[in-house]
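For chain A, the structure is supplied; the task is to place chain B with the ligands on it using the hints.
Protein sequence lines, in the order shown, are assigned to chains A and B. Just so you know, the first sequence maps onto residues 1 to 135 in my numbering. Just so you know, the second sequence maps onto residues 1001 to 1260 in my numbering.
Keep in mind the hints are simulated off the structure, nothing from the lab. For every residue, glycine included, the Cβ atom is placed at its ideal position computed from N, Cα and C. There could be a bad hint or two in this list.
As the list claims (entries may be wrong) - To give a feel for the contact side, a few chain A residues facing chain B, derived at Cβ under 10 angstroms:
{"no.": "1", "residue": "45"}
{"no.": "2", "residue": "47"}
{"no.": "3", "residue": "56"}
{"no.": "4", "residue": "61"}
{"no.": "5", "residue": "74"}
{"no.": "6", "residue": "89"}
{"no.": "7", "residue": "94"}
{"no.": "8", "residue": "96"}
{"no.": "9", "residue": "105"}
{"no.": "10", "residue": "106"}
{"no.": "11", "residue": "109"}
{"no.": "12", "residue": "110"}
{"no.": "13", "residue": "114"}
{"no.": "14", "residue": "116"}
Stated by the list, open to error - Derived DEER-like restraints, expressed as beta-carbon distance ranges:
{"no.": "15", "chain 1": "A", "residue 1": "75", "chain 2": "B", "residue 2": "1224", "range": "27 to 33 angstroms"}
{"no.": "16", "chain 1": "A", "residue 1": "66", "chain 2": "B", "residue 2": "1120", "range": "54 to 60 angstroms"}
{"no.": "17", "chain 1": "B", "residue 1": "1207", "chain 2": "A", "residue 2": "122", "range": "29 to 35 angstroms"}
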Amino acid sequence: MTGAMAASLGAAFALLLAPGGAAAQQADEPGDPARGRAIVASRQAGLCLLCHAAPIAEERFQGNLAPDLAGAGKRWSEGELRLRMMDAAAFNPDTIMPSYARTEGFNRVAPALAGKPLLTPRQIEDVVAYLRTLQ
Amino acid sequence: MANEVLPVALLASVLALAGVLAASPSLSAERRSGYEDMGPAIQAMQRDDAQNPATLWVKEGELMWGTRTGRAQRSCADCHGEAERGMKGVAARYPAFDPALGKPLTLAQRINQCRTQRQRAEALAPESDGMLQLESFVALQSRGMPIVQQDPRLQTHRDRGEALFRQRLGQLNLSCAQCHDERAGLRLGGTPIPQGHPNGYPLYRLEWQAVGSLGRRLRNCMTGVRAAPYAVDAPEMTDLEIFLKWRARGMAMESPAVRP
Ligand code: HEC
Ligand code: HEC
Ligand code: HEC
Chain A
1 MTGAMAASLG AAFALLLAPG GAAAQQADEP GDPARGRAIV ASRQAGLCLL CHAAPIAEER
61 FQGNLAPDLA GAGKRWSEGE LRLRMMDAAA FNPDTIMPSY ARTEGFNRVA PALAGKPLLT
121 PRQIEDVVAY LRTLQ
Chain B
1001 MANEVLPVAL LASVLALAGV LAASPSLSAE RRSGYEDMGP AIQAMQRDDA QNPATLWVKE
1061 GELMWGTRTG RAQRSCADCH GEAERGMKGV AARYPAFDPA LGKPLTLAQR INQCRTQRQR
1121 AEALAPESDG MLQLESFVAL QSRGMPIVQQ DPRLQTHRDR GEALFRQRLG QLNLSCAQCH
1181 DERAGLRLGG TPIPQGHPNG YPLYRLEWQA VGSLGRRLRN CMTGVRAAPY AVDAPEMTDL
1241 EIFLKWRARG MAMESPAVRP
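Just chain A, with the same shape it has in the complex (with noise of 0.2 angstroms):
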């Protein structure tokens, strides 16, 4: 089992574990890779290029905290990569890249925010079937 492998089924198992876990969550309509650009682009929902580069050439300004997602639908599996949005922590600890779902267990979260998750998970969706689009 290569190491990859042996994360994503760890994170998978974590998931399961957790109430409401991947399963209850996932939206039941495929993503819209064209909608999924526009959220990794935008710096009020995806947030994304906060930390990683894209190849999103008009977003002029783009991290350099995390790996580049040019490729990442190559590297990682639909699943997989619905796994690192919805909890990063499960491949990586100590990650500084946010649940996407998670909705609770923060310290002191704006009142507008509390309860909702950074991306839905039709949004979540979206945003996986753009990643697929990366080869």
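Below, chain B with the ligands without anything else, positioned relative to chain A:
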């Protein structure tokens, strides 16, 4: 005997030192003011008081320093004389412990204490223009002097401040340390992450188009990670400031600086 003991003792102290350094990455790394991360045009603006917009605040503060006010009809100058002498080095060692109150006061709180108790005037609202003007004028008198933060009575506050610095915050679940200790020099979006030192405050920020306090900067970082910021006068803000000053001890004061 001494020959045997000495190397062991040495080894122990070397290990202890290594432990201290490992526990405080900010200390082992070279410290770098936010000034170093700015472009040459903004650096020049800070270096030349005629170009530094904060000078407008300083001038107003200087006027306030000499103006008699309050029921006591006393000016700051009546008691403290020339600020160049009376206030020299003061900002470089704030927040400071107030023995009468048994707690630390920030420079702004200290100024308000003189306002209310000595001048018998109304307190200036925290972060009001008047407060930022007086604070900028007082802080200017420490420019170039090293930050001093070592009063043992502040130890528990500093420890609390450090715990806050290392605690993950907000919906993005990031700590100050994850950006300012572990990722300083990298780019968050297009912005270089500074080490996060307090040595320039109060300062003129181009984005604010105004002089603002250290507290305002910290609250910006807190809302940035989608956290509820602490209130202006919350003890947590003072504890964080005490830790930041200790972390920056020995660095030269730049107040009032300029930042993008
Ligand atoms: C605050 C920082 C941060 C944000 C915001 C962030 N990430 Fe990440 N991401 C990371 C880091 C750091 C890694 C590297 C692995 C780790 O430490 O978890 C990573 C890893 C990844 C990976 C695996 C990279 C690879 O190819 O090996 C993908 C895919 C990914 N992120 C996608 C996203 C997307 C999509 C978004 C926005 C919706 C996003 N990230 C937002 C920090 C972030
Ligand atoms: C996600 C990254 C991030 C986090 C988390 C963060 N900051 Fe910042 N901080 C920044 C960036 C980027 C800047 C520079 C902003 C600019 O110049 O536009 C900054 C600026 C600062 C400065 C001003 C430095 C100067 O030279 O003027 C201080 C002080 C500071 N932060 C302290 C903190 C504290 C304390 C916390 C935690 C409560 C914190 N920051 C959390 C990214 C962060
Ligand atoms: C009637 C006299 C009086 C007036 C007026 C007065 N002060 Fe003071 N101030 C003092 C005394 C006395 C102390 C020190 C005593 C103490 O520690 O309680 C002090 C302490 C201070 C300190 C702390 C100095 C240190 O070394 O820690 C600052 C800062 C300060 N004053 C600023 C001001 C400002 C600004 C004004 C005007 C808004 C002002 N003071 C007006 C009498 C005065």
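Structure-based check of all given hints:
1. 45: violated, 13 angstroms
2. 47: At about 7 angstroms, which falls below the 10 angstroms cut-off, the nearest Cβ of chain B leaves the hint on residue 47 of chain A intact, so it holds.
3. 56: violated, 13 angstroms
4. 61: holds, 3 angstroms
5. 74: Residue 74 of chain A check fails; min Cβ-Cβ to chain B is 25 angstroms, beyond 10 angstroms.
6. 89: Residue 89 of chain A check passes; min Cβ-Cβ to chain B is 9 angstroms, inside 10 angstroms.
7. 94: This hint holds: residue 94 of chain A lies near chain B, its Cβ roughly 9 angstroms from the closest one there, short of 10 angstroms.
8. 96: holds, 5 angstroms
9. 105: Constraint on residue 105 of chain A satisfied, holds at 9 angstroms.
10. 106: Interface hint status for residue 106 of chain A: holds (6 angstroms vs cutoff 10 angstroms).
11. 109: Holds, because the Cβ-Cβ distance from residue 109 of chain A to chain B comes to roughly 5 angstroms (cut-off 10 angstroms).
12. 110: Result: holds, 5 angstroms to nearest chain B Cβ.
13. 114: holds, 9 angstroms
14. 116: Hint on residue 116 of chain A: holds, closest Cβ of chain B at ~8 angstroms, below 10 angstroms.
15. A/75 x B/1224: 27 to 33 angstroms: holds, 29 angstroms
16. A/66 x B/1120: 54 to 60 angstroms: holds, 56 angstroms
17. B/1207 x A/122: 29 to 35 angstroms: holds, 34 angstroms
Comparing the model with each earlier hint shows violations of hints 1, 3 and 5; every other hint is respected.
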